[in-house]
Amino acid sequence: MKYKTILWLNFASLIEAFIIKVLIDYKIVVCNFGGLHNLYDMIAMVSVKNMLVLGGYQMYFWPQKNHKLHKKIYLVPTLLDKRIPAIPELFWIYSPLYYVFFSLAILCLKNYNSSALHAWLMLMHSSFWFVHFPTGIRKEFREKVRGVPTDKVTKFIMDLVHDHDTEDNACPSMHCAFAVFLAFITYPFYPTLSIAFPIIVSLSCLFTKQHLIVDIVPGFLLGALHGFINMSLS
Numbered sequence: 001m002k003y004k005t006i007l008w009l010n011f012a013s014l015i016e017a018f019i020i021k022v023l024i025d026y027k028i029v030v031c032n033f034g035g036l037h038n039l040y041d042m043i044a045m046v047s048v049k050n051m052l053v054l055g056g057y058q059m060y061f062w063p064q065k066n067h068k069l070h071k072k073i074y075l076v077p078t079l080l081d082k083r084i085p086a087i088p089e090l091f092w093i094y095s096p097l098y099y100v101f102f103s104l105a106i107l108c109l110k111n112y113n114s115s116a117l118h119a120w121l122m123l124m125h126s127s128f129w130f131v132h133f134p135t136g137i138r139k140e141f142r143e144k145v146r147g148v149p150t151d152k153v154t155k156f157i158m159d160l161v162h163d164h165d166t167e168d169n170a171c172p173s174m175h176c177a178f179a180v181f182l183a184f185i186t187y188p189f190y191p192t193l194s195i196a197f198p199i200i201v202s203l204s205c206l207f208t209k210q211h212l213i214v215d216i217v218p219g220f221l222l223g224a225l226h227g228f229i230n231m232s233l234s
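So in the numbering used here the end of the sequence shown lands on 234, straight run, no missing numbers.
Think of the hints as simulated: they come from the structure by calculation, not from any bench. The beta-carbon is built from N, C-alpha and C at its ideal position, and this holds for glycine as well. Hints may contain errors.
Below, computed lysine-lysine pairings styled on DSSO-like, alpha-carbon distance capped at 27 Å [what the hints assert, rightly or not]:
1. Lys144 <-> Lys49
2. Lys82 <-> Lys71
3. Lys27 <-> Lys72
The calculated label-pair distances, taken between Cβ atoms and stated as ranges, are [what the hints assert, rightly or not]:
4. Phe228 <-> Glu140: 35 to 41 Å
5. Arg83 <-> Leu233: 39 to 45 Å
6. Leu221 <-> Asp41: 35 to 41 Å
7. His164 <-> Phe18: 38 to 44 Å
8. Arg146 <-> Ala12: 47 to 53 Å
9. Val22 <-> Val76: 44 to 50 Å
10. Trp62 <-> Thr150: 29 to 35 Å
11. Leu225 <-> Leu39: 36 to 42 Å
12. Ser234 <-> Asp41: 22 to 28 Å
13. Trp62 <-> Gly35: 29 to 35 Å
14. Phe133 <-> Ile19: 38 to 44 Å
15. Val153 <-> Phe18: 31 to 37 Å
16. Tyr40 <-> Leu221: 38 to 44 Å
17. Phe228 <-> Arg138: 31 to 37 Å
Build the full structure now, drawing on both the sequences and the hints.
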């Protein structure tokens with residue numbers, strides 16, 4: 001992961017920690033996670049969460065460079081995929097807001113050990129498919145969204161995503177998998193949001209041209225499998 005991205009992630013973490021602290025103080029969000037007494041504690045929690053996310057991404061990016069190239073299959077967009085308009089503004093859901101939901105899920109937990117373990121197992125599971133059954137989306141299809149006019153801040157977010165998220169390993173969609181996995185954790189506290197979140201994330205994947213429809217369902221199934229096992233054993 002590029003150094004510039006890590007710097008921006010650290011800056012965003014400070015803002016995220018402050019916002020979450022305000023939400024907890026005003027009892028807008030649930031907080032079952034112990035030891036969060038002040039802003040310092042919140043910054044530490046968000047920082048650890050982001051380090052775990054960064055570590056998980058290395059498991060995701062490694063197969064992109066080490067899959068069996070002779071087996072790689074480029075997925076063909078369906079007619080519906082082609083008709084879905086490109087909306088750059090949905091990169092805000094695909095990236096920054098998506099990761100805020102990770103913090104929301106952590107706050108719902110009294111003990112994160114089991115959930116962290118099963119998230120890691122899900123990454124291992126996905127890496128198996130990425131290495132042995134690699135798929136991709138043609139670069140020209142993904143970058144259609146770059147031809148749509150947008151504001152400078154949204155373009156900055158889009159550039160960060162495109163710098164790291166290549167056309168490799170499209171199926172299953174890990175964005176959708178983690179959205180469903182986290183929804184299992186948050187459902188007892190935010191049932192409506194937990195149902196809506198994976199749907200909104202999947203739409204952001206399609207409208208930003210990061211994924212095709214064929215990637216979404218396997219991602220949902222992967223997240224549901226590990227999310228159900230996690231909550232059953234927790």
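*Going back to the hint list, which numbers does this structure go against?*
Numbers 1, 3, 7, 8, 15, in rising order.
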